[in-house]
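Chemist: Chain A is fixed; fit chain B onto it per the hints.
2 protein chains.
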Amino acid sequence: MKEITLIPFEGYKYIEGGVCAAKGFKASGTYCGIKKSAAPDGNDSPFKAKNDIGMVVSDTLANAAAVYTQNKVKGAPITVTKQNLKATGGKARAIIVNSKNANTCNADGEQKAKRMCELTANALGIKAEEVIVASTGVIGQVLPIEPIERAVPVLVKGLDYSGNVQAATAIMTTDTVKKEIAVEFEIGGKVCHLGGMGKGSGMIHPNMATTLNFYTTDGNISSALLQSALDEIVKVTYNCLSVDGDQSTNDMVCVLANGEAGNDEIKAESAEFEVFKKALYIAMMNITKMLAKDGEGATKLIECRVTGAPDFETAKIIAKSVIRSPLVKCAMYGADANCGRIMCAMGYAETDCDVTKADVYYISKAGKILVCENGLGLQFDEDLAKAILSEEDITILAQLKQGSSEATAWGCDMTYDYVKINGDYRS
Amino acid sequence: MKEITLIPFEGYKYIEGGVCAAKGFKASGTYCGIKKSAAPDGNDSPFKAKNDIGMVVSDTLANAAAVYTQNKVKGAPITVTKQNLKATGGKARAIIVNSKNANTCNADGEQKAKRMCELTANALGIKAEEVIVASTGVIGQVLPIEPIERAVPVLVKGLDYSGNVQAATAIMTTDTVKKEIAVEFEIGGKVCHLGGMGKGSGMIHPNMATTLNFYTTDGNISSALLQSALDEIVKVTYNCLSVDGDQSTNDMVCVLANGEAGNDEIKAESAEFEVFKKALYIAMMNITKMLAKDGEGATKLIECRVTGAPDFETAKIIAKSVIRSPLVKCAMYGADANCGRIMCAMGYAETDCDVTKADVYYISKAGKILVCENGLGLQFDEDLAKAILSEEDITILAQLKQGSSEATAWGCDMTYDYVKINGDYRS
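One line per chain: the protein sequences are A and B, in this order.
Counted from 1, the first sequence has number 179 at position 179 by the numbering used here; the numbering is strictly sequential.
Counted from 1, the second sequence has number 393 at position 393 by the numbering used here; the numbering is strictly sequential.
Pulled out of the complex, with its shape left as it was, chain A reads as follows (with noise of 0.2 Å):
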């Protein structure tokens, strides 16, 4: 139920694999218990507790590039982590991230981040300052470093070609399924794969980037030209999203490229950079999908399309409005044919666009239907709308007439669960 459909584009094949779908990333996860009140240490639990610790490791000095959240408190592995891809010129070997303590808002959070970079610079005889460190789960909240230099060399142990599956569920929170994605695709005549791993269920709104997200590549590209794609590629897929509106303060994408594909190196803007982002846009598309249907307490995965608007800018704003709406999550839940909610989302999205000549359609596998016409409500065929919103993937499209450009936002239902599971996430 929560799989999402993965849409075909030529030239480019889905394979399996995640982050170590391209050549040359071994991956790995394991259990160190960095929530006391969890499951006692040790992988051999009875309960067979969840990894809460993971590894990915560039056989060779990969080009790094990474986007951070803009919330103004920031987790102090988002600081770690930038500066220590300044100090290498933005150039990577491994990364290290848990799950269950964010490490943020803690007096000692750098001092721990940066001992995660040591341990695992030092079990990999590479530079500390050749380390991502990342964390999610509970803000405020001592991070334990004794489970962590007990966990590393498992980790280090256990790195492995096909260890994807291991890294991506100890990144895992309150996410109910991994999320892995990859593609394969030809750059000069060279096979070349890019693959990664994403989590986040809730806090999500990004305004760049949000959720832990982590690609891999072995296609060769400059660090610069990575991060300008990435740059990119966030603002179309990441900063789309929306669960809840609440934007984390520890979330990044990085992507890693180790050039083992063997591609002559993509410098500088052409056809082949075209080749590389379209490649990070699939995959960065489909984790975000992934993430959307994977919102906290969702059944349902809401698309909204904004069409005919007069910049990409103005119609992304207005998509995220009506994504983020409580009433509009909430109908959408209820399968509620309610444009009212749809329109009102709109008419307060922070833009300067008129919207009050909308026309809305709600569609899905079960059909299509015009709800809104000019900024009317028209009288409809409820049981046909009852249908189409019953689906659990539902596209809300709303055509502007005012111009030639589009966006696509992504988000999802709201429901009894959704306070459930956040009425007490810290026990």
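I should point out that these hints are in silico values taken from the structure, not numbers from a laboratory.
Bear in mind the structure is a predicted one, so any value in this text is a computation, not a measurement.
Please note that the accuracy of each hint is not assured.
Any copy, or any two copies together, can satisfy a pair, since identical chains are not distinguished.
[Said to hold, decoys possible] Straight-line distance between alpha carbons at most 20 Å, and here's what the computed EDC-like set of lysine to aspartate or glutamate pairs gives:
1. Lys157 to Asp381
2. Lys13 to Glu186
3. Lys35 to Glu382
4. Lys235 to Glu350
Modeler: Showing chain B alone in chain A's frame:
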């Protein structure tokens, strides 16, 4: 349980009477069957259908002021009321207001809203432009005018100097309690009264006025000064309220001042103006708290007080960001003293203010606890925190230590019932 605690203010006495507390104001309410699926016509229905239309009338032409939603999708009644107040130069005699249908996104909306004014005017022997019209309920469904045509004579016949409760119940939608307030005070040795009623429990995130709110006073004040007082007080009351972040299309706050208290007309900023403004503040602040506490599905009134801010606007943006956060709202429901969510919501508030060094307290009748100091999470007494957050009136106090301004915002917790109420609102 939905009752708020009235804070005393020296020189002002809380009294009964709502919109009829001021001299020379009558009100009435009745059931007319605006929603076809509701009870059969007539107030004598065996199951006592809730009033769905109400009227407030001043014995003499009153000075009037109003503020309206800033949603670009506006209800037809908003447009018509604006036109009327412009035509009369800020004077009005009567208010007609219905629930169950917002008369918004309808092709014949303005025509119907004007018709409501005409019907009222004809029955009262006044001008149509002297009528304030308002509607609340479902958006995008045609407003049936026949029930209103039948209701107006009933309303006029029922007008009474103690009809305030009839009117206050007529404007309720998903409200579980009626919301009324009134105060008595003196201006220039004359006893004045100011009272009001409000409605609204979902789609509440005013960026100005929201929800339907009608105030009456026998204080003598010019239209211009009345508007100035309203504009100022809305900023620190209704604009500091958020139930779900959805800003409605229809809502307004209006005040009628008929001068029957006999004080010299307030025409300029003066000591008398300050006394009047404070009365308006007391009334509007209390209705704001009532609206927050009766938020859809709410079990708790949540107040966020941000102090030590560089200016009021910054404090307000941060306080509203906290109050609006679904994760904070769920944590309040679960009595989970998660300070990370407060820091997170302050961090993504759209201001430049440095919130990373804040102290955060939870306060209620059960005590006060510091959970975050200088932006860092503390180990605290979980039992005390739980006891504090288990109360139904909770204050989140954030001290920014960045200046000397402060603001308070009001909201409520998020519960299963919010989802339930909004999953199928139209039926």
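Chemist: Hint by hint, say whether it matches the structure.
Modeler: Do the hints match the structure? See the list:
no.	hint	in the structure
1	Lys157 to Asp381	neither (61 Å within a copy, 41 Å between copies)
2	Lys13 to Glu186	within (10 Å within a copy, 79 Å between copies)
3	Lys35 to Glu382	between (49 Å within a copy, 17 Å between copies)
4	Lys235 to Glu350	both (18 Å within a copy, 19 Å between copies)
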